[in-house]
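J.: Each chain, letter by letter, is given below.
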Amino acid sequence: MIETELNRCVAAFHPGATGVTGAAKLSGGASQETWTFDIVHPDGTIGAILRRAPPGYGAAPGRAAGLDAEATLMQLAHDAGLPSPKVMHVLAPEDGLGRGFIMARVEGETIARKILRDEEYAGARPLLARQLGRVIAGIHSLPQAKLPKLRSLTATKEIEDLSREYHSFDWPRPVFELALRWLRDHDPGPPSEVTLVHGDFRHGNLIIGPDGVRAVLDWELAHFGDPMEDLGWICVNSWRFGEIDKPVGGFGTREDLFAGYEEAGRKAEPDRVKFWEVMGTLRWGVMCCGMMQRFRLGPDHSMERAMIGRRASETEIDLLRLLAPRGK
Amino acid sequence: MQDEPTPTELIKAVADFLRNEIAPAIKGHNSFKLRVGINALDLVTRQLALAEAGDATEAARLKALLGADGSLMELNRALSAKIAGGEVDLTTPGLPEHLWQTTMDKLAVDQPNYAAYKRELGK
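Protein chains in written order, with our numbering: chain A, 1 to 328; chain B, 1 to 123.
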């Protein structure tokens with residue numbers, strides 16, 4: 001039972017804690033798990049989240065920043081006053097829990113359809129785009145000297161990575177070719193300033209309450225690069241969940257997003273944002289195709305994976321709407 | 001010749017049973033998975049109904065665009081190579097229309113409820 005290790009661990013890092021209750025796995029792939037549990041303390045229980053690679057799993061694969069870097073970034077964001085959970089403890093070998101960290105649990109909603117439809121969030125929806133613009137600006141302004149080691153990504157490299165991955169599937173898609181060609185022809189080159197980029201700033205990784213955004217999660221894809229990438233990714237149609245006339249997450253306008261970003265002292269560049277929106281749309285399409293490959297080749301022969309493969313065509317229509325729009 | 005009922009009729013009967021009789025009785029994560037499964041069966045019935053006509057018109061458009069013959073796969077490979085090489089682009093007569101029609105025909109099978117597809121259907 002994981003509670004045995006957690007009991008020992010929380011007693012060591014949280015003075016007065018007497019143990020944990022209610023440990024339950026929220027999600028887990030082969031190499032990474034998220035657990036929720038409560039720390040029992042005489043002053044009252046404290047909600048906590050464990051994010052870890054179980055013992056026996058090595059460094060994070062390919063694009064991932066790694067759990068140690070994630071913990072550092074979340075703590076830096078928290079210290080900067082951004083909506084980010086407090087990191088309570090970074091796992092050490094003697095904890096016997098693998099690699100990862102324990103953070104405070106933030107209550108709220110991450111499911112897009114609820115955030116976009118439920119009455120509870122009706123007051124938050126009109127505020128979110130501007131709020132998120134300010135939050136993204138805060139992320140891009142985190143003190144460079146304190147940032148962990150992360151990979152660097154340029155537009156040119158990302159185009160080539162996507163091209164290589166798409167061609168490895170050996171399944172011709174003229175619309176993806178059109179998008180790759182457009183991206184190469186419109187590559188804006190290096191940004192005026194390279195910053196920290198969250199890399200996956202969208203529904204699912206944002207905890208929303210009736211008051212607005214409460215936490216930014218999942219820094220797994222954090223890297224150094226063009227700050228406009230984060231603004232483009234949250235405008236990708238796949239994250240609008242049907243609310244296609246509200247480009248920011250299905251709840252807001254680009255104007256509000258940019259206004260929030262600029263209120264926090266940074267400059268939004270709409271042409272670059274559009275470039276990264278096209279890139280992001282193609283990236284999600286390539287990821288859908290990758291799911292299909294893993295369904296066919298991998299041990300996880302699940303219906304969900306198979307059906308995500310059939311969502312690549314959604315990104316094809318989105319790419320055509322961006323690159324070859326038709327009249328009314 | 002295989003007998004009736006047709007594959008479409010069989011799959012539709014199974015999907016309707018799962019949707020109407022089983023889904024209301026299932027809770028939790030399996031209810032989500034069951035919905036995905038029913039969606040998959042519905043997708044297959046749409047493909048059985050629509051793919052033949054869609055593939056035929058797609059092949060005809062590709063042959064006209066490329067001035068070449070071949071299987072649908074070969075023709076799509078050839079078009080992809082020409083787009084990648086810049087030999088054809090959105091100013092090439094017929095190319096935007098072809099890409100749009102092919103994509104609309106895919107969405108009609110894959111996700112006919114996708115909001116962007118429904119919007120474009122009205123155009």
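Hints are computed from structural coordinates only; laboratory data are not their basis. Just so it is clear, the structure is predicted and the values come from calculations on it, not from any experiment. A couple of the hints might just be wrong.
Only part of the chain B face toward chain A is listed, based on derived beta-carbon distances under 7 angstroms [said to hold, decoys possible]:
{"hint": "1", "residue": "24"}
{"hint": "2", "residue": "40"}
{"hint": "3", "residue": "90"}
{"hint": "4", "residue": "94"}
{"hint": "5", "residue": "118"}
Coverage of chain A stretches by chain B, computed from C-beta distances (three or more under 8 angstroms per stretch; other residues unrestricted) [stated by the list, open to error]:
{"hint": "6", "region": "107-117"}
{"hint": "7", "region": "130-140"}
{"hint": "8", "region": "164-175"}
{"hint": "9", "region": "178-189"}
{"hint": "10", "region": "299-310"}
Covered stretches of chain B (chain A as the covering partner; in silico rule of three or more C-beta atoms under 8 angstroms from a C-beta of chain A) [unchecked claim]:
{"hint": "11", "region": "25-39"}
{"hint": "12", "region": "71-79"}
{"hint": "13", "region": "103-116"}
Here a beta-carbon is modelled for each residue, glycine too, at the ideal position from N, C-alpha and C.
J.: Check whether three or more residues of the region 25-39 of chain B sit with their beta carbon closer than 8 angstroms to a beta carbon of chain A.
T.: That given contact holds, which follows from 4 residues of the region 25-39 of chain B lying within Cβ reach (below 8 angstroms) of chain A.
J.: So, residue 40 (chain B) near chain A? Judge it on the closest CB pair being under 7 angstroms.
T.: holds (6 angstroms)
J.: Between the region 164-175 of chain A and chain B, are there enough contacts, at least three residues with CB-CB distance under 8 angstroms, for the coverage claim to hold?
T.: holds (count 4)
J.: Examine the region 299-310 of chain A for residues whose CB is less than 8 angstroms from any CB of chain B, and state whether their number is three or more.
T.: Per the Cβ count (5), the hint holds.
J.: With a C-beta cutoff of 8 angstroms, work out whether three or more residues of the region 103-116 of chain B approach chain A closely enough for the coverage to hold.
T.: Holds: 9 residues of the region 103-116 of chain B have a Cβ under 8 angstroms from chain A.
J.: Just to make sure I understand the rule, a stretch counts as covered if three or more of its residues have a C-beta closer than 8 angstroms to a C-beta of the chain. Does the region 107-117 of chain A meet that for chain B?
T.: Our answer is that it is violated, as 0 residues pass the Cβ test (under 8 angstroms) against chain B, missing three.
J.: Verify this for me: three or more residues of the region 130-140 of chain A with a beta carbon less than 8 angstroms from a beta carbon of chain B.
T.: violated (count 0)
J.: Are 3 or more residues of the region 71-79 of chain B near chain A, judged by a Cβ distance of less than 8 angstroms?
T.: Check passed, 4 qualifying residues.
J.: At a threshold of 7 angstroms, is the proposed contact between residue 24 (chain B) and chain A supported by beta-carbon distances?
T.: violated (20 angstroms)
J.: Regarding the hint that residue 90 (chain B) lies at the interface with chain A, is the smallest CB-CB distance below 7 angstroms?
T.: Hint holds; residue 90 (chain B) Cβ to chain A Cβ min 5 angstroms, cut 7 angstroms.
J.: Report holds or violated for the interface hint on residue 118 (chain B), using the least CB-CB distance to chain A and a cut-off of 7 angstroms.
T.: For residue 118 (chain B), the interface hint is violated, since the closest Cβ of chain A sits about 9 angstroms away, which is over 7 angstroms.
J.: How does the coverage statement for the region 178-189 of chain A fare against chain B, requiring three or more residues with Cβ below 8 angstroms from a Cβ of that chain?
T.: holds (count 3)
When each numbered hint is compared with the structure, violations occur for hints 1, 4, 5, 6, 7.
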